[in-house]
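> Listed in order, the protein sequences are those of chains G and Z.
Counted the way the numbering used here counts, the first sequence spans residues 2 to 345.
Counted the way the numbering used here counts, the second sequence spans residues 2 to 345.
The hints are simulated quantities; they were obtained by calculation from the structure and are not laboratory data.
Same chains, same names: a pair is fine if it fits in one copy or spans any two.
Listed next, the in silico SDA-like pairs over lysine to any residue satisfying Cα-Cα at most 20 Å (straight line):
(1) K262 x H299
(2) K242 x V132
(3) K262 x L195
(4) K262 x P293
(5) K242 x L270
(6) K3 x A142
(7) K138 x R32
(8) K3 x G145
(9) K70 x R59
(10) K262 x S294
(11) K138 x R33
(12) K242 x A215
(13) K3 x G119
(14) K3 x A344
(15) K138 x A344
(16) K70 x G80
(17) K3 x G35
(18) K138 x G35
(19) K138 x F345
(20) K138 x G119
(21) K242 x A136
2 protein chains.
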Amino acid sequence: MKNVPLVVTGYGHVGRAFLSLLREKAEDLERRYGLVPEVMAVARAEGCFHSGRPLEVRHLSRAGEAWTKGNPNWREGLGAGEVIAGLGPGGCLVECTVSNLDTGEPGLSYLSSAFRGGWNAVAASKGALVVGLPALKALAAANGAVLKFSGATAAALPTLDVGLVSLAGARIEGIQGILNGTTNYILTRMGEGLDYDEALKEAQDKGIAEPDPASDVGGWDTAAKMLLVTNACLDTAYTLKDVQVRGIAGISVGEVQAARKEGRAVKLLATAAPGRQGGRWSLDVRPSLVEPSNPLVHVNGTEKGITFITDSMGSVTLTGGRSNPRGAAAALLKDIINIYRPAF
Amino acid sequence: MKNVPLVVTGYGHVGRAFLSLLREKAEDLERRYGLVPEVMAVARAEGCFHSGRPLEVRHLSRAGEAWTKGNPNWREGLGAGEVIAGLGPGGCLVECTVSNLDTGEPGLSYLSSAFRGGWNAVAASKGALVVGLPALKALAAANGAVLKFSGATAAALPTLDVGLVSLAGARIEGIQGILNGTTNYILTRMGEGLDYDEALKEAQDKGIAEPDPASDVGGWDTAAKMLLVTNACLDTAYTLKDVQVRGIAGISVGEVQAARKEGRAVKLLATAAPGRQGGRWSLDVRPSLVEPSNPLVHVNGTEKGITFITDSMGSVTLTGGRSNPRGAAAALLKDIINIYRPAF
Numbered sequence: 002m003k004n005v006p007l008v009v010t011g012y013g014h015v016g017r018a019f020l021s022l023l024r025e026k027a028e029d030l031e032r033r034y035g036l037v038p039e040v041m042a043v044a045r046a047e048g049c050f051h052s053g054r055p056l057e058v059r060h061l062s063r064a065g066e067a068w069t070k071g072n073p074n075w076r077e078g079l080g081a082g083e084v085i086a087g088l089g090p091g092g093c094l095v096e097c098t099v100s101n102l103d104t105g106e107p108g109l110s111y112l113s114s115a116f117r118g119g120w121n122a123v124a125a126s127k128g129a130l131v132v133g134l135p136a137l138k139a140l141a142a143a144n145g146a147v148l149k150f151s152g153a154t155a156a157a158l159p160t161l162d163v164g165l166v167s168l169a170g171a172r173i174e175g176i177q178g179i180l181n182g183t184t185n186y187i188l189t190r191m192g193e194g195l196d197y198d199e200a201l202k203e204a205q206d207k208g209i210a211e212p213d214p215a216s217d218v219g220g221w222d223t224a225a226k227m228l229l230v231t232n233a234c235l236d237t238a239y240t241l242k243d244v245q246v247r248g249i250a251g252i253s254v255g256e257v258q259a260a261r262k263e264g265r266a267v268k269l270l271a272t273a274a275p276g277r278q279g280g281r282w283s284l285d286v287r288p289s290l291v292e293p294s295n296p297l298v299h300v301n302g303t304e305k306g307i308t309f310i311t312d313s314m315g316s317v318t319l320t321g322g323r324s325n326p327r328g329a330a331a332a333l334l335k336d337i338i339n340i341y342r343p344a345f
Numbered sequence: 002m003k004n005v006p007l008v009v010t011g012y013g014h015v016g017r018a019f020l021s022l023l024r025e026k027a028e029d030l031e032r033r034y035g036l037v038p039e040v041m042a043v044a045r046a047e048g049c050f051h052s053g054r055p056l057e058v059r060h061l062s063r064a065g066e067a068w069t070k071g072n073p074n075w076r077e078g079l080g081a082g083e084v085i086a087g088l089g090p091g092g093c094l095v096e097c098t099v100s101n102l103d104t105g106e107p108g109l110s111y112l113s114s115a116f117r118g119g120w121n122a123v124a125a126s127k128g129a130l131v132v133g134l135p136a137l138k139a140l141a142a143a144n145g146a147v148l149k150f151s152g153a154t155a156a157a158l159p160t161l162d163v164g165l166v167s168l169a170g171a172r173i174e175g176i177q178g179i180l181n182g183t184t185n186y187i188l189t190r191m192g193e194g195l196d197y198d199e200a201l202k203e204a205q206d207k208g209i210a211e212p213d214p215a216s217d218v219g220g221w222d223t224a225a226k227m228l229l230v231t232n233a234c235l236d237t238a239y240t241l242k243d244v245q246v247r248g249i250a251g252i253s254v255g256e257v258q259a260a261r262k263e264g265r266a267v268k269l270l271a272t273a274a275p276g277r278q279g280g281r282w283s284l285d286v287r288p289s290l291v292e293p294s295n296p297l298v299h300v301n302g303t304e305k306g307i308t309f310i311t312d313s314m315g316s317v318t319l320t321g322g323r324s325n326p327r328g329a330a331a332a333l334l335k336d337i338i339n340i341y342r343p344a345f
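Construct the entire structure; sequences and hints are all you get.
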């Protein structure tokens with residue numbers, strides 16, 4: 002049996018879903034993997050929940066809301082880094098803050114202080130990784146720590162596991178994916194007859210699209226995920242500036258419906274393709290006509306999918322995987338298990 | 002840099018493809034994973050190729066045939082177990098013999114002697130695993146060794162990686178797959194208008210079906226793979242007798258074509274579904290009508306696919322992956338890398 006101290010940074014939808022899932026899975030984790038995760042702190046911008054004993058949702062929330070005022074477990078001004086330093090090396094940071102794709106903060110600081118303290122980290126937020134993945138990997142390695150981020154690269158769709166574990170030894174010769182559920186939902190509904198504004202409104206009403214959908218419909222969420230998958234699988238250091246991005250706003254319903262009638266589909270495709278003679282890869286995100294023979298043509302609604310093309314293993318396509326906070330939480334938990342479980 | 006001594010058992014299509022791939026990938030394995038695999042012996046029923054130095058294809062073959070008579074590297078009567086015992090613990094057996102699904106031999110003896118010698122093992126052959134997976138896993142664990150067998154469970158389609166690594170922590174609530182390329186090819190061609198005998202003959206002419214296709218068309222190859230995936234992912238000990246198996250012989254071309262006209266398809270589906278209240282799972286293989294909404298409906302020709310249904314990650318479907326000897330060799334190599342690579 003191995004106790005795994007955890008510090009969770011960020012207590013939004015994903016952080017809460019993670020704590021709930023941890024409680025639901027506690028018995029299973031001990032029985033199947035010999036692991037006893039213990040949440041020693043949950044950090045927010047203004048302080049930490051921290052009491053010296055493992056925390057559960059009931060210590061942190063009242064009526065579904067974060068409970069700070071009057072909570073004996075709340076330490077105003079305490080930082081995650083201090084908690085980690087106090088606990089000593091070997092634990093795991095669970096990074097669930099809201100991503101800022103320009104600065105990488107606050108995730109960047111949290112991840113850096115975890116590695117400096119000899120902690121591993123799993124991340125569901127993209128910002129820090131988009132801004133500084135190569136530096137973070139180097140810092141982790143220098144401290145004997147491991148960084149995993151399945152939760153940031155399409156949640157429960159196992160993009161990184163397949164690229165890094167299942168295709169180990171193969172040369173990846175191309176990657177193509179539908180990596181954003183919101184835009185895929187909008188395009189699917191447009192194929193069924195709605196115009197762009199109607200489809201977007203429906204997605205917002207259903208809670209699929211955010212009130213400000215710019216990052217999704219502009220293609221930036223897709224671009225960030227493709228960037229992370231590419232940099233992780235190819236060990237490259239491309240930046241968001243290297244990705245050509247075109248979103249789905251302004252796309253014509255006629256085009257989407259015509260494609261559908263022919264068994265094709267218009268999808269917001271992210272593509273990574275090698276340059277000539279070992280040159281730079283080209284990375285782009287754009288609405289694309291997908292042929293009936295492409296397995297991604299069947300990925301509809303909020304589903305996501307990815308295809309890896311390789312030299313020795315052929316093409317492997319993955320579709321599905323829950324993408325709500327519970328799916329992201331399950332991806333975080335999976336990464337933790339794979340860091341700490343015994344060899345198998 | 003880590004030297005990894007290997008002993009390859011079986012020198013048929015897969016064994017040869019493995020040696021070729023190893024040579025092709027040598028530089029890459031050292032650069033990307035810090036691994037230097039060294040084939041210290043290749044075992045056949047009558048003896049071993051073994052010279053004390055790492056072997057390559059040119060030491061073992063003449064004009065594409067195994068070269069024993071007059072070959073200074075050939076040791077008649079030498080067994081793989083003796084070589085392993087002489088090398089000491091820490092190497093990896095690469096099991097590529099032809100499977101016997103009833104006795105598990107000769108793989109069962111090879112694998113057992115590897116574990117007793119403190120060696121890990123990767124397997125592309127199913128026989129030993131179908132007959133004795135739980136006992137082999139226990140023996141491996143008792144000797145601090147690891148057993149992986151991606152190559153035996155749909156080659157380059159990463160069924161086990163996804164079930165064991167990507168879905169770690171999730172509860173698998175069902176598995177469904179198209180796990181045999183030959184029968185899927187025959188059914189696909191029947192959908193296109195051929196009758197069963199024509200489609201089978203075409204598959205044989207193309208080298209897709211074997212001269213004796215009984216194991217494929219009878220559903221037994223599919224059943225063996227589903228059994229292995231289920232036992233591996235659920236940690237169960239079902240046997241081939243627990244699988245209800247019906248093959249595709251005698252299936253009517255009218256039925257297959259009618260399904261296709263409606264956007265459905267007849268597929269040889271393997272299904273594992275939980276029993277009530279934690280009871281025994283039901284395992285079956287049979288030709289099934291697949292609905293248009295099922296992602297496996299689009300798996301055509303020699304392609305394979307598998308869907309895992311889970312509690313916390315939704316459904317994840319995988320399709321593709323080369324299934325020829327090169328694909329199986331790539332799966333063996335992948336498993337070796339994942340046993341020996343540093344944590345990442």
